[in-house]
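Those sequence lines, one after another, are chains A and B. Quick note on my numbering: the first sequence kicks off at 1 and runs consecutively. Quick note on my numbering: the second sequence kicks off at 1001 and runs consecutively.
Mixed in with the good hints, there may be bad ones.
[To be verified] Residues from chain A shown here face chain B by an in silico Cβ test under 8 Å; the list is partial:
(1) Ala25
(2) Val37
(3) Met113
(4) Gln117
(5) Met263
(6) Ala267
(7) Val277
(8) Leu284
Hints were generated in silico from the structure; no laboratory data involved. Note that the coordinates shown come from a computational prediction; the quantities given were computed from them, not determined experimentally. For every residue, glycine included, the Cβ atom is placed at its ideal position computed from N, Cα and C.
What follows is each chain in one-letter form.
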Amino acid sequence: MSKRKTVIHSIKRIVKSPYMLLLPALLFYLLFWLLPVVMSIFQSFTTVDGTPTLQNFINMFNESRFMRALINTLVFAVVSLTLQFFLAILLALLINKKFKGSRLFLFFMIIPMALPQAAVGILWNTGLTEAGWLNSLFHVTGLQTVLESLGVLDGRTLWTNVTGTRAVMTIVLIDTWTVLPSVMIIILAGLQNFNRELSEAAQVFGASRGRAVKDIVIPIIKPSIVTALLLRLIAGLQVWLISVMIFGYGRVPYLLERVVYYMSVVARTDANYRMAVSYSVFTLFVILTVAFLFVRLTSGKTEWRKADE
Amino acid sequence: MNKIIRHSLLYVLVALVVSIVLVPLMYLTTISLSSNIELGDFPKNFIPNLTVELEAEWDEDREAFTIYRYATKERRQALYRSDNFEEMARYFERYLNIYTEPEVLENDIEPIRETDEVIELRYRKNLFANYQKFFEIFSGARDALINSILAVFYTILLSLSIGGAVGYTLARTKIKGKETIGLAALVVRMFPIISISVPMAILLIRYGMFDTMLGLAFIYSIPNIGLTAWITRSIFLGIDKELEEASYVFGATKLRTLRSITIPLVIPGFAAASMYAFIIAWNDAAVALLLTDRNETLALLIFRSIGATGAIHYASAGAIILIIPALIFTFLLKDYINRIWG
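Chain A with its partners taken away, still in its complex shape (with noise of 0.2 Å):
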């Protein structure tokens, strides 16, 4: 009877203990993110039946397109990430002061991001071609002939017309304008914390500006622009629908390209779908490892900076 009595009260408690408030997030994560995932790491090294393999990779890895994939995909997160972080900055640190309508020029560096990655695709495929406005523009400011005469340009061109390196240029283009405004806002943000008299002060102690931004203002500024930073490079490894937007699918292939490409483009065979599995995963590997290099690289940095002091 006392027995029943201690496991109904135990029961009370655990019912009313504030764990059960994490409970239905724990089912969801369960069920819907961690079975997922680990689903997809076993069907990597299976066969369809479940006898461990490592041939899913091996197809992958002879798979035509799979350097290109990972080099275009590797190349885009680099580039874009290092040339988004550079001009952000040095916009950043031309455009730190208050004048007047810095409010309405926040205003408008917002939208790039805000908008649907499907509606940038249309947007750009509406300006690459032939007749489109980019050329449209080009003709209008006169940009046309000064690029003509220069041997930049012959004639209209056709932008989508290219291929390799110089497509991957392209959607890296497309991002930093998508991404650009909004790296700006952040280091805008970070730069406004941080106290401008210690800039000063630097100066007035003979260092130069140049040095008083790599010393002062990069660290002080640092904490919020890495996460940030982090989070555009995983970001940047995930690259693929505005580029089958404007390339098509197997022209300029990724990484997420080729998972897209074997789960919703060719036929839905067992085989297609572990060569979509085995792109997942690699993926996953690919950005785990890269963002955990990241993370490496920054912080030490700061360590030794540190011991510098």
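Chain A is fixed; fit chain B onto it per the hints.
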């Protein structure tokens, strides 16, 4: 003097950056408002035409009216030849986005059959013609729009209920392992959602939720629950606990206090969290591509519309329809922006 130069250089730079952002969007808007015929023009208009200027002439040999248009100031382009005003009105609607009655055209054009002169015509363009035609040409667009709204609704429901509970627990109870939960949320966020979508396709078939908006909402909730927990936690932390204690002192039950004191104070936070849910679910095309079959969302339909040739102006109209709510909700969230960034 130096200061003036630097000041104007700053404004030049700001103007340049703003125009790099806005010019492409302006062109997209103009293209979304242009007719079939205007779509072929080069250079493309930067500012949309509100009216269409045409010329009409009676062609004696063919016994029909010829309609001309000036593509540029010098280049006159023959568009259409007919003496049937019903057909002409249909042509105007289809290719020029001019919605007019055949009787009006007859009134305007018929007189020149006798006089043999060239007349100038000027009609108002139906600006939103492409927006109507978008829903006609992409036959699934209406359903896709409804689907997008449904997916958003389910995502909000799931994220707020599950994430809100976590946020409350983290802020108000003394449980162990709060750091672990925070770390787990970060790891979950770092995982590419599309990698989860691949095995999810099979799981959702098993759960009977493949090709449903609820199934999509479960995936969209993965990053969102963590985010909601994070937002609501800071909101719950910000609420003065004494208010609630005062409520207990006056004899209110825990539930009653929650209902009439805590929840009203939390609503802004929940609103912010729902807007995030909205943006994630509304903007996504990738997950929807893998996890639906016939039930498209609007973003997915826009993604697929790229293949339809000669329909880029309708697709542009669709893109604008997709952009507007996303813009509104992002602006409402401006203050939180640093936190979803990535």
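Hints versus structure:
About 5 Å separates the beta-carbon of Ala25 (chain A) from the nearest beta-carbon of chain B, less than 8 Å, and the hint is met. Using the Cβ-Cβ criterion of 8 Å, the hint placing Val37 (chain A) at the interface with chain B is satisfied: the shortest such distance is roughly 6 Å. Hint on Met113 (chain A) holds. Least Cβ distance to chain B is approximately 7 Å, under the 8 Å limit. With a cut of 8 Å, the hint placing Gln117 (chain A) at the interface with chain B holds, because the nearest CB-to-CB distance is about 6 Å.
Interface hint at Met263 (chain A): satisfied, since its Cβ lies 5 Å from the closest Cβ of chain B, which is below the 8 Å cut-off. Checking Ala267 (chain A) against chain B by beta carbon gives a least distance of about 14 Å; that is not within 8 Å, so the hint is violated. Annotation: Val277 (chain A) was flagged as interfacial toward chain B, and the flag holds, the nearest CB pair being 6 Å apart, inside 8 Å. Here the hint on Leu284 (chain A) is kept, as its CB sits about 5 Å from the closest CB of chain B, short of 8 Å.
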